[in-house]
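Visitor: Chain A is fixed; fit chain B onto it per the hints.
Protein sequences, first through last, are from chains A and B. Residue 1 is where the first sequence starts when you use this note's numbering, and the numbers rise one by one after that. Residue 1 is where the second sequence starts when you use this note's numbering, and the numbers rise one by one after that.
Warning: the hint list may mix true and false statements.
[What the hints assert, rightly or not] To give an idea of the chain A side of the interface with chain B (calculated C-beta under 10 Å), a few residues: (1) E54; (2) A69; (3) Q100.
[As the list claims (entries may be wrong)] Here are the computed distance ranges between Cβ atoms for each label pair: (4) I262/B - V44/A: 15 to 25 Å; (5) P379/B - M124/A: 33 to 43 Å; (6) V44/A - M419/B: 17 to 27 Å; (7) K91/A - S44/B: 51 to 61 Å; (8) K217/B - M26/A: 35 to 45 Å; (9) Q7/A - D394/B: 30 to 40 Å; (10) K264/B - V16/A: 27 to 37 Å; (11) F15/B - V16/A: 33 to 43 Å; (12) I4/B - L33/A: 43 to 53 Å; (13) L40/A - P3/B: 46 to 56 Å; (14) T47/A - I416/B: 45 to 55 Å.
It should be emphasised that the hints constitute simulated quantities derived from the structure, not laboratory data. Owing to the predicted nature of the structure, the values given are computational and were not obtained by experimental measurement. C-beta atoms are modelled at their ideal positions from N, C-alpha and C, and glycine is treated no differently.
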Amino acid sequence: MIEKFAQRASDFVYPVCKYLDYIAWMAVIAMMLLTVANVLATKVFNTNILGSIEITELLMVICVFFSFANTEVEEGHISVDLLVKKLKPKKQAIMLVITQGLCAILFACVSWSSLFHAIEKQEMGEVTMDLLIPLYPFAYITALGCFLLCLVLIIKTIIAIDKVFKS
Amino acid sequence: MSPILIGVIGILVLFVLLAAKMQIGFAMALVGFVGFIILNDLESALGLIGSEPFDASKSYLLSVIPLFILMGQFATFSNMGKEIYQTAYKWLGFLPGGLAMATVGACSLFAAISGSSLATAATFGMVALPEMKKFKYSDALATGCIAAGGTLGILIPPSTVLIIYGIITEQSIVNLFIAGVIPGALLSFLFILTIYVMCKIKPSLGPRGPRFTLKEKVVSLKDTWSILCLFMLVIGGMYAGWFTPTPAAAVGAFGTLIIMAIKKRATKENIFNSLKATCKTTTMIFGIIIGAMIFQYFMTISELPDFLATEVTQMQVSRHVVMGLIIALFIVLGCFMEGLSIMILAVPIVFPIVIGLGYDPIWFGIIITLVMEMSLITPPVGVNVFVLSGVAKDVPMETIFKGIVPFWAAMVVCIIVLMIFPEIVTFLPGTMGYKGGLGF
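Extracted from the complex, chain A is given alone in its bound form (with noise of 0.2 Å):
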């Protein structure tokens, strides 16, 4: 039963990560594109483009976080895996589900704290200072980002507990 629901949860949650994902590449090409642009305009015609900097700046926002969570389903956030590998599968298995619980615990408060912190953004009409681009939505992205990951967590978790049940 709880390997079912891993797994519709997963099935759910995982393609959501990979489609975000697509948003973070496109994110990088707009910063190149953007800062090769801004270089040309400043070495050949000898003015800038306005607010290329802060564009840079919130791209970097969607960047990170809508590829945050989906590197965790790849496993891409690194960890230290030279003693657990030595331990027997079930032990592996229980170190698991303590470490990426407290994981999921830990980012749960942090999608929560930044939920927050967004809002708290909205309500005071934050902007950039020169093209007055609205801060908030992109604190909201930082919040989903930190949501979704949160979520795959808690996935690898209930797989874990599984796979301790099991061995």
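Guide: Frame of chain A; chain B shown alone:
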């Protein structure tokens, strides 16, 4: 309980979590968060973890990370390593041990567009190893020179490790990059010298390869000149003050994309794979950066780094002994953890000590990067060796580790040389007006 003691406990708990295989960045964030709650209160700790992810990622300075990674990925996926190797092979292959020397040369050239040691080791594992096998090179020498040559990726600019060091210690990334050029060349030279000496003593380790005419050698340059030009534009541009790091990285990535297109390798697949790998690595690094920043807030309010700095600088021992101990500590840590994480974890704690002792921050950055390079090839966790043994499946891991020993020794020699002559590091930044905190 005193804040300092809580700081110490925090570090111990962090090591326990890391040993239990918790993701490095998340473990640092968790310990930092809990420590902050204990030393301050829950509300401020929640405020910290709520604002830090957004504030850390919304950074123009840090946008240099994905852009330099993208440049390296474009180079990796478009198979530029192969061409670089072919050129080096034609120039050096006829010498005793020449193919191994060509590998080191090609690694250092590839490192100049790629900031990653893993990518460098993996690329040349696929390109150079079959050639050396064909000419009956000893497995130990062949794999050892690739694993060691691969580490050059983080010393020769652009380098992700130096970027992160610059951010943690608030040093200019341009100065760090420029400072890495001469030590990078020196280390490549020491590697080549090591191979030369080994093959002089025992010629069967690395037989001579074929000899090429001067015309063939010159013609082979046509495949690599574009990469050299790109390096000159990006790193030279920063040196000359044309660019700050982010524009330099963007121009570098765009230039590599154009070279890919000219060589007809800018396929949809190559570009997508590059973007995917770039986002994955960037996010991994940001996971660690965000975790480290939260951890650093905790360390600062625990006053542990300041306490250590004061205590150590007042000790009645030579500062070189202290530096030796710090380097030894990093080497030991390097046996168990991967370089970047040690850098992010330990540098904030030892940096105040190093500065307190009067060492130059840029010089220390280069020394620590060299030590990180060693950590990539020291057993039991030598990441480069793992990558390489994935490529060279028929070579036992022990053989690779055995092959690394002479190169490891060359790295120690390099560190000693830089300790005796720190000007090797600070000379180039000095020509750009870097005064530094030199107390040598």
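Visitor: Among the hints numbered above, which are violated by the structure, and what are their numbers in rising order?
Guide: Of the numbered hints given earlier, those the structure breaks are 5, 6 and 7, listed in rising order.
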